[in-house]
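Trainee: Single-letter residue listing:
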Amino acid sequence: MNTFKLYIRSMGMLLRSHLQYPSSFLLQTLAQLVMEGGEMLMVILVVDRFETLGHWSGGNLFFFFGMMSVSFYLTEFFGRGVTGDFPSMVRSGRLDTFLVRPRGILTQVLCGGMDPRRITCIAVGAASLILGSRLSAVVWTPLKVLALAESILMGCLLILGLFLIEACFCIHSVKSVELVNALTYGGRSACQYPIDIYPHPLRILFSTVAPFALTLHVPAAYILGSPLYGWPLWTVYVTPLSGALIFAIMTAVFHRGIRYYRSTGS
Amino acid sequence: MRISWPAGGHITVSTRASLNEGDQSVSYIEVRDLKKTFTVRKKREKGQFFRQKDLVTALDGVSFSVGKGELVGYIGPNGAGKSTTVKILSGILTPESGSVRVGGRIPWEARREHVRHIGVVFGQRSQLWWDVPILDSYSLLKDIYRIPTGDYEARLKELTQALQLEPLLRTPLRLLSLGQRMRAELCGSLLHRPELLFLDEPTIGLDAVSKLSLREFLRWENKENGTTILLTTHDMEDIAALCSRVMVLGHGRKLFDGKLPDLLEQYDTVRTVSVRYEGSAPALQLPPGVTLSAEDGSLSADGELRLNYAPAQMPTAQLLALLQEAGTIREMTLQPENIDHLIAAMYREMDL
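Line order of the protein sequences matches chains X and Y.
This note's numbering numbers the first residue of the first sequence as 268 and each following residue consecutively.
This note's numbering numbers the first residue of the second sequence as 42 and each following residue consecutively.
Please keep in mind that the hints were generated in silico from the structure rather than gathered at the bench.
Hints may contain errors.
[To be verified] List of simulated lysine-lysine pairs, DSSO-like, C-alpha gap at most 30 Å:
#, chain 1, residue 1, chain 2, residue 2
1, X, 272, Y, 300
2, Y, 252, Y, 264
3, Y, 300, Y, 252
4, X, 272, Y, 264
5, Y, 198, Y, 183
6, Y, 198, Y, 264
[Said to hold, decoys possible] Now the in silico label distances, taken between C-beta atoms and shown as ranges:
#, chain 1, residue 1, chain 2, residue 2, range
7, Y, 189, X, 456, 47 to 57 Å
8, Y, 390, X, 515, 54 to 64 Å
9, X, 522, Y, 144, 23 to 33 Å
10, Y, 257, X, 393, 31 to 41 Å
Ideal Cβ positions, reconstructed from N, Cα and C, are used throughout, including at glycine.
Extracted from the complex, chain X is given alone in its bound form (with noise of 0.2 Å):
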């Protein structure tokens, strides 16, 4: 718990280093709304000239858009430390800091970087979730909130392993690989979408290797009532777990890594 405790004090303390700068901030996170607005418009001009997709009604993209989005900003919100600083801070030097402390590496990586500016984005990806689950009409059971909870955690849980895999290439070669890049923000952009409208290769890819569909698309499914390929109610809060396992693999890969790590300059 006290770990805990010291990721809450750390994230105080980003929040009133981000609130240094007043007029930025509020810049900043105006253009995520635009940016993600943006993104939904997409959605919106999908369902306005097909209505359809598959056998997936409009209300169902929105739902679909609306969990991917939730999950990959609330991930970038409080896991900034691994979506996106961890290459400055192999380059800066700052990991040699957290490793002459008496803390976890990826407990000091998690609580050095948050983004408070991508509350907008949550607000509209909430906000097509709650439009998507009205046009379904869904009826809402303890069972269904459940598995939406379930769901976010552990697509918020496979986000951060995915990224692990590029701090990893970092700490190895002190650069960025933008090839991982395909699958996290290549994940988000084609994952928005429910999964049996792709074909094969890209249904593997996403089932297996970056597993979206199992995290984030057989509970949304359910919870929408049609069931994907029309898997049994269990595989509903089984599969996501998926998403916690590619966590667990990704982060004993990253201590391994770390003992390669070279550090830069004096």
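Please arrange chain Y on chain X, whose structure you already have, making use of the hints.
Mentor: Using the frame of chain X, we list chain Y on its own:
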């Protein structure tokens, strides 16, 4: 007549009576045959598919031991491996081979347990938070190191007094001057009462007053709390003022380990003396081993006579007597060689 002795010459290094003199036999840091190489990828040349890799040896079999409560200076040119040693000793890097024990611990294996007992100050990078008052940084460090509240408050009070930080505690780090920032960093790295403090070029870029007070503080911390201090620097005066022992590193190897006067004696091959006489300078018959500094053999513009001499060939006392005989001396300065010449002389001698 006034003779000024710049620091670095014949300094009686104040070997402070260490609190832990008894512990000196059991060394606190044990380093044996430490090796570390880095692979550097070169730019790919035309026609080659793979990039060539170069192995750069940062440390090539370094061994030393440091007793508890010692204040050791670690010098050497850029790229000599000073920072690499510090990084290995503080658990940041893992060496290829060799053994390291710091207080019985292997730094890179028991990292978390190890760093609880050490403090590190990197001259070039900050450990505190940039945009918040430094007091907030300290309070977060208290949580990171799990320092009990009473302990933290007492230590903070002690350190802020010694470092004169009280008026700055509510100022964000980014608004502090370089000297103030270094003091703030020192306080942050000592809050958890480390047994061992690493300082990587702590006086870099500081003005004279800040340097002096920083040295003063380090002496105090070493004496008052028995903290072992290992200091890397390019500033010979840091060493002269602080360290009872100096280690010289070059090309990844240890070139010298001992007292500063011994180092000076061993490699201090050429020294300079400047003399200013009343009236015009007398014609001097220069004895062997003494030459004029100026290449054209003339006096410098302001009537100052600058001579180079080798102490081994011409003892200082003898030269002084000779100069005094020649006329009435108004002012005289003796200058030892600076660190760069010393290191260069060492390299020549060790054929590196």
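Trainee: Hints first: check each against the structure and report whether it holds.
Mentor: Consistency of the hints with the structure:
1. A threshold of 30 Å between alpha carbons decides the hint, and for residue 272 of chain X with residue 300 of chain Y the separation of about 48 Å lies outside it, so the pair is violated.
2. For the given pair, residue 252 of chain Y sits about 18 Å from residue 264 of chain Y by alpha-carbon distance, which is consistent with the 30 Å threshold.
3. About 22 Å separates the Cα atoms of residue 300 of chain Y and residue 252 of chain Y, which keeps this hinted pair within 30 Å; it holds.
4. For the suggested pair residue 272 of chain X and residue 264 of chain Y, the alpha carbons sit about 36 Å apart, so the restraint of at most 30 Å is broken.
5. For a cut-off of 30 Å, the pair hint linking residue 198 of chain Y to residue 183 of chain Y stands: about 14 Å separates their Cα positions.
6. For the given pair, residue 198 of chain Y sits about 18 Å from residue 264 of chain Y by alpha-carbon distance, which is consistent with the 30 Å threshold.
7. Between residue 189 of chain Y and residue 456 of chain X the beta carbon distance is about 50 Å. The supplied range of 47 to 57 Å therefore holds.
8. The hint said 54 to 64 Å for the Cβ distance between residue 390 of chain Y and residue 515 of chain X, and at roughly 57 Å that hint holds.
9. Checked against the given bound of 23 to 33 Å, the beta carbons of residue 522 of chain X and residue 144 of chain Y, roughly 24 Å apart, stay inside it.
10. Distance hint for residue 257 of chain Y and residue 393 of chain X: a CB-CB separation of about 58 Å, inconsistent with the stated range 31 to 41 Å.
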